[in-house]
Amino acid sequence: MLGKFQKKGSFISTAIGSAGHGIWYAVIRLINSGRIDPTKMITKCYGLDEALTAIDEARKRKCGKIVVKPNKFT
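According to this note's numbering, the residues represented by the sequence shown are 1 to 74, in order.
Everything labelled a hint here was simulated from the structure, so no lab data went into it. From the three backbone atoms N, C-alpha and C, an ideal C-beta is built for every residue, glycine too. Incorrect hints may have been included.
[As the list claims (entries may be wrong)] Simulated crosslink set (DSSO-like; lysine-lysine; CA at most 30 Å straight-line):
id : residue 1 : residue 2
1  : 44        : 60
2  : 65        : 40
3  : 69        : 40
4  : 44        : 65
5  : 62        : 44
6  : 69        : 44
7  : 40        : 62
8  : 40        : 60
[As the list claims (entries may be wrong)] Estimated spans, in silico, between C-beta atoms of each pair:
id : residue 1 : residue 2 : range
9  : 31        : 63        : 13 to 23 Å
10 : 36        : 61        : 20 to 30 Å
11 : 31        : 66        : 18 to 28 Å
12 : 29        : 53        : 32 to 42 Å
Kindly generate the complete structure, drawing on both the sequences and the hints.
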C-alpha cells in the first residue's frame with residue numbers, strides 16, 4: 001500500500017490533539033489556579049435524553065465543545 005502513495009506523490013498527515021510534551025500538566029495547573037475557566041469553552045450542553053441531538057450537532061462541526069450530562073440541570 002505504501003508504494004501506491006509513493007507513486008502518486010501523496011502523503012498522509014495525522015495529529016494527536018496535544019500541543020506538546022507536558023502541556024497537560026501546565027493546563028491542569030492553570031485550571032486549578034483559576035486562570036483558565038474551561039466552562040467558557042463549552043458551546044452547547046445537552047441532557048442525556050438529547051444525546052442523539054448532541055451527536056448530530058457534533059457532526060456539523062460548528063460547535064467548539066459539546067457536553068452531554070446525565071441530568072442537564074446538575
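Okay, the hints, checked on the actual structure:
1. With a C-alpha separation of about 13 Å, the suggested pairing of residue 44 with residue 60 holds against the 30 Å cut-off.
2. Simply put, residue 65 and residue 40 have alpha-carbon atoms about 9 Å apart, close enough for the 30 Å limit, and the pair holds.
3. Between residue 69 and residue 40 the alpha-carbon distance is near 16 Å, which keeps this suggested pair within the 30 Å criterion.
4. Simply put, residue 44 and residue 65 have alpha-carbon atoms about 7 Å apart, close enough for the 30 Å limit, and the pair holds.
5. Simply put, residue 62 and residue 44 have alpha-carbon atoms about 11 Å apart, close enough for the 30 Å limit, and the pair holds.
6. Distance check on the hinted pair: residue 69 and residue 44 sit about 11 Å apart at the alpha-carbon level, within 30 Å; holds.
7. A C-alpha spacing of about 16 Å is found between residue 40 and residue 62, which places the hinted pair at or below 30 Å, so the restraint holds.
8. Between residue 40 and residue 60 the alpha-carbon distance is near 20 Å, which keeps this suggested pair within the 30 Å criterion.
9. Range check, residue 31 to residue 63: Cβ separation about 21 Å, and the 13 to 23 Å hint holds.
10. The given range of 20 to 30 Å is respected by residue 36 and residue 61, whose C-beta atoms sit roughly 24 Å from each other.
11. Taking the beta carbon of each, residue 31 and residue 66 are about 19 Å apart, inside 18 to 28 Å as hinted.
12. Restraint check, residue 29 to residue 53: a C-beta distance of roughly 35 Å satisfies the suggested window 32 to 42 Å.
Hint compliance for this structure: no hint is broken.
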